[in-house]
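K.L.:
So the protein lines, in turn, are chains A and B. Per numbering that gives the first Met the number 0, the very first residue in the first sequence carries number 0; after that it's consecutive. Per numbering that gives the first Met the number 0, the very first residue in the second sequence carries number 0; after that it's consecutive.
FYI, nobody ran anything at the bench for these hints, they're computed from the structure. Be careful, since some hints might not be right.
For chains that are exact copies, the list does not tell them apart, and a pair is met inside one copy or across any two.
Claimed, not checked - Computed list of lysine to aspartate or glutamate pairs in EDC-like fashion (alpha-carbon distance at most 20 Å, straight line): (1) Lys2 to Glu132; (2) Lys2 to Glu32; (3) Lys2 to Asp243; (4) Lys2 to Glu44; (5) Lys27 to Glu117; (6) Lys27 to Asp269; (7) Lys2 to Glu43; (8) Lys2 to Asp212; (9) Lys116 to Glu138; (10) Lys2 to Asp119; (11) Lys116 to Glu43; (12) Lys116 to Asp8; (13) Lys27 to Glu132; (14) Lys116 to Glu104; (15) Lys116 to Asp269; (16) Lys2 to Asp214; (17) Lys27 to Asp70; (18) Lys116 to Asp212; (19) Lys27 to Asp262; (20) Lys2 to Asp111; (21) Lys27 to Asp40; (22) Lys27 to Glu43.
Protein chains: 2
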Amino acid sequence: MKKRPTIADVARAAGVSLMTVSRVVNDKPGVGEETRQRIRDLVEEMGYRPNEIARGLVTRQTLSIGLVVPDIAYPFFAQIARGAEDAAFETGYSVFLLNTAENIEREISALDSLHQKEIDGVILCSSRLPSDELVVAVERFPAVALINREIVAPPANVATLNVNDSLGARLAIQHFVAGGRARIALAAGPAASTSAQRRIDGYRAGLRSAHLDFDPEMLEFCTPYMEGGYAATEALLTRRPRVDAIFAFNDLVAIGAIQACQDSGRRVPDDIAVIGVDDTPLAAMIRPRLTTLHTDLTSLGRQAMEAILTILNRDSGSGPLAYQLDPRLVVRESA
Amino acid sequence: MKKRPTIADVARAAGVSLMTVSRVVNDKPGVGEETRQRIRDLVEEMGYRPNEIARGLVTRQTLSIGLVVPDIAYPFFAQIARGAEDAAFETGYSVFLLNTAENIEREISALDSLHQKEIDGVILCSSRLPSDELVVAVERFPAVALINREIVAPPANVATLNVNDSLGARLAIQHFVAGGRARIALAAGPAASTSAQRRIDGYRAGLRSAHLDFDPEMLEFCTPYMEGGYAATEALLTRRPRVDAIFAFNDLVAIGAIQACQDSGRRVPDDIAVIGVDDTPLAAMIRPRLTTLHTDLTSLGRQAMEAILTILNRDSGSGPLAYQLDPRLVVRESA
DNA sequence: CAAGAAATAGTTAACGCTAACGCAACCTAA
DNA sequence: TTAGGTTGCGTTAGCGTTAACTATTTCTTG
C-alpha cells in the first residue's frame, strides 16, 4: 500500500498553489488553458485522486447515500438495491448497505450510524419504525426516500415510493373471480407491514366489487417467508377446507402455500389457485409456474435514488414527493 | 434537518477544552471521573455524535469497507453480502455496496471510487480483472479479501477465500457414478471464471477416479444464468444425445438444464440426473427439488469481513491468509 | 493613454476532529 | 527536603480540501 499523492504534492510539482490545482481538478474557471493542461497531465502522471473524506469535510457532502433494507438476501430488496446502486453509480454516488434483520433496534442504530457518516441521503425500505420515531429519525438527513412505507405528514425532505398494493390485490381477486373462484383466502404477511395492510384493503375492495363477502377466517397473517406461507395455508385450510384460491403476500409465501396445498392432497391450480406478489426470478422457475404481480423493482430502486437527487438539488422545499408504482399481473400456471 | 452539535459546542457547554471531550467520547484516560461523568451527561443531553468524516480525516480510518460484487440481485452474492454486513455491523463497520455488472471497466471504476473514499478494506467477489491489473488495483488498499478468485503471488494485505470447487465437482461426479451414471456432461459456466476452471479440474479428476474417459464434447461453457444452462444443455444433448447426467455451474444453470431436458422429452432424474451448485433458496423450491452443493455463503461473507479485520489489526505482514470452504452435497430429487 | 474590467493566480481561514506535547498540581519515596 | 513520577487537563498543529478574499497582470475601450 503506497502513499497517495495529495493536492499539495501536485501543486509543488507544478510550481503552483493548491487552489490552482483544486480548480483544475474540479473543472472550475480561473486557470489559463496552458496551466490547466499542464496540471491535468501531472495529475494523470502522479495518479492523483482527490481525497473524498477531506473534500466531504469542507463541502459537507459525501457523495454517498445509505440503503437500509430488512434483508439483502431477500430478492425483493436485492433487486431494489441493484437499481439504486446503478443509478447512484451513474451519478457518482456510492451506496452504504445496511440490513435491519427486521429488528427495530438495529434499524435505529443503522440510521444513527449513517447519520454519523454524514451521508447525503437515505433510501429506507419497509421501515418497521413507529411513525413518530420514523419522523424524528428521518428529519436528520438531507434527503430520504421511503420505499413501501407510508407516512402521515411527510417532511419536505422525504419522498415516498409505494407499490400500489391495493391495485395489485384487486387485480389478483379479479383474476380469481374471472376464473370462477369464489372462496378466496389471503395469506396476508406480517400484520405490522404497511404493504400488507394495503393488500388487505385491496383484497376487501376486490371481494366487494365481485359481490363476495369478507370472511375474517379467510385471512391469516404470516411471516413473509416460505415457512410462513406454509403455516398460514395449513391454518386456512383447517378453518375453511373449501378454499379454492389463495392470494399470497409474496412469492415465497405463495410457494409455501402451494406446497401446503400439495401436501394436503390438493392440486394447484386445479383445486386451488395461487397468486403471489413480486415476480421474483424463481416465480418462473418453480412448477407450477407462479402467477404473480410484477413490479419493476430495479426501476423502483432507480427512482428512489433519483428522488433523492431531486430533493438534494431543488432550491427549497417545494412540497414532498410521492411516487406510486402500479404492478401488473403476470399470468402463468398457478392461477 | 437541524444542525448537529460539534465537539466544540459540547466543550463550551462543559467549560472544558476540546481534548477533554474527545477523550471522554473515545473512552481514553486522562480525565477525572467527575468531569468525565459531567461530559457524558452533556453529550447525551445535547445529542452529540462525533462526525465520522472529520474523525476519519485525522485517524486515517473510515470504519467502512467496500463490497464489490458482480450483481447483488444474484442470490449467491446477496447471501455473502448479508454475512459480511452482519459481521461489519457487529464490529462497527459500514459496507459500501458496488455492482460491477460483470463489466471490467465498471469493476475498475468501482475500485477507484472506493480508493477515493479511503476505505479500510475491500471484499472483492469473483473479480474478472486480469492478474496483473488485479494486483495493482488491490495493493492500494489497507486490506483486501478476495472471494472466489485465485491470485498467484498474493500481496501481504490480501486474504483469499475460495470455495473448494474442485472437491465439490468430485462429490457430484461420485454421486452420479454411485447412482449408476456414466455419461456425465458439464454445463461449465463462463470460461473466464476461476471457479469454473476449478470445477472442470474436479470434474476431470472425478471422472478419472471412476475410470471414465474425459470427452471434450461433453463440456459446454455458458453464461451463469438459466438461459445459459438451457442453451448449453441443448447443445450438449444435440452433440451427445445419450448423456445421463449433467453437472451444472450453479443452481440457475441447473434449472435451465432441467427445463431443456424436459423440453426435449427427457425426464429428470429418471433419464438425466442434474446437480447444481450453491444451494440457493430456490433449489428446495423447484420441482424436482434440486440436488446441489451447499456452501454456507453467509458465513463465507462473515469470514471475509473477519479476515479484513485480522489483516488490519495484525502488527505487520505475517504472510498472506488463505481460507478454503468445503461444500457438501445436499441430495434432493434431481439426482 | 488612462482607468476600469477581465483573467489568472495566490493567501488565509476554515471543516471537525485527534496526536503529541506541555504544564501545573499533587503525590511519592529516599 | 527534593528529584522524580502521576494525574488531569490545556495548547498547538495538523489531516486534505475548498470558499472567499486579495493581488497581480493583461485586455479593453472611450
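K.L.:
How do Lys2 and Asp111 come out at 20 Å by Cα distance, when the copy is not named: within, between, both, or neither?
P.N.:
Between copies only: 15 Å across chains, 32 Å inside a chain, cut-off 20 Å.
K.L.:
I want to check one pair: Lys116 and Asp269. Are their C-alpha atoms no more than 20 Å apart within a copy, between two copies, both, or neither?
P.N.:
neither (55 Å within a copy, 57 Å between copies)
K.L.:
Between Lys2 and Glu43, at a C-alpha cutoff of 20 Å, which is it: within one copy, between copies, both, or neither?
P.N.:
Cα proximity of Lys2 and Glu43: one copy only (16 Å, versus 38 Å across).
K.L.:
Evaluate Lys27 and Asp40 at a C-alpha cut-off of 20 Å and name the case that applies: within, between, both or neither.
P.N.:
The answer is within: 17 Å in one copy meets 20 Å, while 46 Å across copies does not.
K.L.:
Up to 20 Å between alpha-carbons, please classify Lys2 paired with Asp119: within, between, both or neither.
P.N.:
Between copies, since 14 Å is at most 20 Å while 28 Å is not.
K.L.:
Regarding Lys27 and Glu132, is the shortest C-alpha distance of 20 Å or less found within a copy, between copies, in both, or in neither?
P.N.:
Neither: 42 Å inside a copy, 32 Å across copies.
K.L.:
State whether the alpha carbon distance between Lys27 and Glu43 is at most 20 Å within one copy, between copies, both, or neither.
P.N.:
within (18 Å within a copy, 42 Å between copies)
K.L.:
Checking Lys116 and Asp8: alpha-carbon separation at most 20 Å within a copy, between copies, both or neither?
P.N.:
between (28 Å within a copy, 19 Å between copies)
K.L.:
Cα distance capped at 20 Å. Does Lys2 pair with Asp243 within a copy, between copies, both, or neither?
P.N.:
neither (68 Å within a copy, 57 Å between copies)
K.L.:
Since the copies are identical, ignore which copy is meant and state whether Lys116 and Glu104 lie within 20 Å (CA to CA) inside a copy, between copies, both or neither.
P.N.:
within (18 Å within a copy, 28 Å between copies)
K.L.:
State whether the alpha carbon distance between Lys27 and Asp70 is at most 20 Å within one copy, between copies, both, or neither.
P.N.:
neither (42 Å within a copy, 36 Å between copies)
K.L.:
Could you place Lys27 and Glu117 in one of the four classes (within, between, both, neither) given a Cα distance threshold of 20 Å?
P.N.:
neither (25 Å within a copy, 24 Å between copies)
In terms of the numbered hints stated before, the structure departs from hints 2, 3, 5, 6, 8, 13, 15, 16, 17, 18, 19, listed from lowest to highest.
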